[in-house]
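A.B. asks: First to last, the sequence lines map onto chains A and B.
Position 48 of the first sequence, counted from 1, bears residue number 54 in the numbering used here, the numbering being contiguous throughout.
Position 57 of the second sequence, counted from 1, bears residue number 325 in the numbering used here, the numbering being contiguous throughout.
Don't take each hint at face value.
Listed next, the stretches of chain B that the computed footprint assigns to chain A, with coverage defined by at least 3 CB atoms under 8 Å from CB atoms of chain A [what the hints assert, rightly or not]:
1. 300-308
2. 350-362
3. 427-441
Simulated from the structure, these hints should not be mistaken for laboratory data.
We treat Cβ as the ideally placed atom computed from N, Cα and C, and that holds for glycine.
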Amino acid sequence: MNKVVANADEAVKDIPDNAVLMLGGFGLCGIPENCIAALIRKGVKGLTCISNNAGVDEFGIGLMLKTKQVKKMISSYVGENAEFERQLLSGELEVELLPQGTLAERIRAGGAGIPLFATPTGYGTEIAEGKETREIGGKMYVFEKWLKADFAIVKAWKGDTLGNLVFKGTARNFNPMMATAGKITIAEVEELVEPGQLDPNMIHTPGIFVNRIFKGTNYEKRIEQRTTNKV
Amino acid sequence: MPLDKFGIAKRIAKELRDGYYVNLGIGIPTLVANYIPAGMDVILQSENGLLGMGPFPVESEVDPDLINAGKQTVTMLKGASLFSSADSFAMIRGGHVDLTVLGAMEVAENGDIANWKIPGKMVKGMGGAMDLVASTDNIIVAMMQTNPKGESKLLPACTLPLTGKHCINRVVTDLGYYEIKDGAFHLIEIAPGVTVDEIKAKTAGKLVVSENLKVMES
Chain A
7 MNKVVANADE
17 AVKDIPDNAV
27 LMLGGFGLCG
37 IPENCIAALI
47 RKGVKGLTCI
57 SNNAGVDEFG
67 IGLMLKTKQV
77 KKMISSYVGE
87 NAEFERQLLS
97 GELEVELLPQ
107 GTLAERIRAG
117 GAGIPLFATP
127 TGYGTEIAEG
137 KETREIGGKM
147 YVFEKWLKAD
157 FAIVKAWKGD
167 TLGNLVFKGT
177 ARNFNPMMAT
187 AGKITIAEVE
197 ELVEPGQLDP
207 NMIHTPGIFV
217 NRIFKGTNYE
227 KRIEQRTTNK
237 V
Chain B
269 MPLDKFGIAK
279 RIAKELRDGY
289 YVNLGIGIPT
299 LVANYIPAGM
309 DVILQSENGL
319 LGMGPFPVES
329 EVDPDLINAG
339 KQTVTMLKGA
349 SLFSSADSFA
359 MIRGGHVDLT
369 VLGAMEVAEN
379 GDIANWKIPG
389 KMVKGMGGAM
399 DLVASTDNII
409 VAMMQTNPKG
419 ESKLLPACTL
429 PLTGKHCINR
439 VVTDLGYYEI
449 KDGAFHLIEI
459 APGVTVDEIK
469 AKTAGKLVVS
479 ENLKVMES
């Protein structure tokens with residue numbers, strides 16, 4: 007078994023135009039910076055990107071919007087990006103907004119082999135339009151379908167060469183579910199170690215879900231809202 | 269004097285109880301964290317994957333891998349835990365969060381809430397709001413009673429696209445504390461120096477003034 011690839015360019019080299027991608031992260035926290043840069047170098051077009059947010063103008067998925075590589079975004083909140091707004095209003099970009107918990111669960115369901123589930127979220131709102139609803143135990147629920155991707159691209163703190171992953175802080179967010187829901191899952195990590203160097207008790211994503219792994223470089227980890235106290 | 273945003277947060281903090289797990293939305297709700305009574309254990313949940321959220325860091329503690337749902341840098345208190353977005357919304361949808369405080373653009377006399385979209389303007393998305401309001405009965409809306417144009421946000425029916433249906437039963441505004449029941453806003457407490465006439469003028473939905481109307485402690 008060899009899951010290790012040399013770098014981001016090798017990891018994304020077979021991603022074709024019009025692919026459906028999942029990209030981990032919440033805001034700019036826990037995003038696969040190296041793979042985003044490699045996708046831009048590769049110039050792949052017509053992408054559908056499933057990601058909680060769409061980055062900011064100068065970083066994250068925002069960079070791929072600027073190069074017009076994204077056809078459609080599936081997200082829960084996209085308010086931090088002026089280029090996104092421009093492309094949406096001009097009709098260049100399609101967007102599907104989903105409640106954050108529904109987005110997370112649809113991805114989880116995709117990875118877990120659950121094609122349909124019922125959630126109270128969005129009942130009676132425009133999110134439920136066209137979807138099956140049903141009363142269960144006196145409460146109304148909306149049926150939601152699983153989400154899957156051709157390629158899931160995640161970022162972890164540490165990983166081993168078998169693809170086992172450990173996340174740090176709130177950079178975990180959507181990454182573990184997305185790792186389960188890609189036909190091919192690519193993981194970029196800050197530290198790549200040999201099997202046995204990660205404590206099996208502490209592994210968040212077991213290697214079975216990961217197809218390719220590489221050690222990323224030059225992480226910028228930009229902060230959107232640097233908020234501090236004096237003391 | 270109507271309450272300012274700090275006064276609203278302070279009033280909502282009186283609803284906290286020892287042992288509560290609480291999700292605070294962006295804006296006025298975030299300020300509630302400043303008024304947790306001393307000696308009370310209240311654990312803050314941030315829906316991007318953190319329980320036991322602490323205050324903003326000092327400059328030397330800033331960690332780009334540790335943010336809240338508003339993308340602000342934060343800290344963790346002792347006993348904090350970290351988890352995925354799916355686990356986070358299992359806490360929320362599963363009814364494990366004891367109290368949710370969030371803002372709104374409109375609340376209706378039947379408990380409907382709208383807070384995510386203004387048609388014709390840029391749509392930013394609902395984030396976790398639809399999940400939060402669909403999941404628990406213990407929700408408090410924190411907002412100003414009128415919009416910047418001076419129009420009431422307590423309405424007979426929401427005019428904006430809904431975030432949730434029949435899900436709000438308490439609202440705290442700059443003017444008063446309301447319970448929503450039986451298709452009306454029941455004014456339970458009034459801000460100091462505010463008159464019932466002003467409340468009536470700024471409540472477009474059905475209003476019932478409690479017989480035991482109290483003045484809010486400020």
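A.B. asks: Counting residues of the region 350-362 of chain B that have a beta-carbon nearer than 8 Å to any beta-carbon of chain A, does the count reach 3?
C.D. replies: This one holds; 9 residues, not fewer than the three required, reach chain A with a Cβ under 8 Å.
A.B. asks: Check whether three or more residues of the region 427-441 of chain B sit with their beta carbon closer than 8 Å to a beta carbon of chain A.
C.D. replies: holds (count 6)
A.B. asks: Quick check: do three or more residues in the region 300-308 of chain B have a beta carbon closer than 8 Å to a beta carbon of chain A?
C.D. replies: Violated: only 0 residues of the region 300-308 of chain B have a Cβ under 8 Å from chain A.
In the structure shown, a violation is registered for the earlier hint numbered 1 alone.
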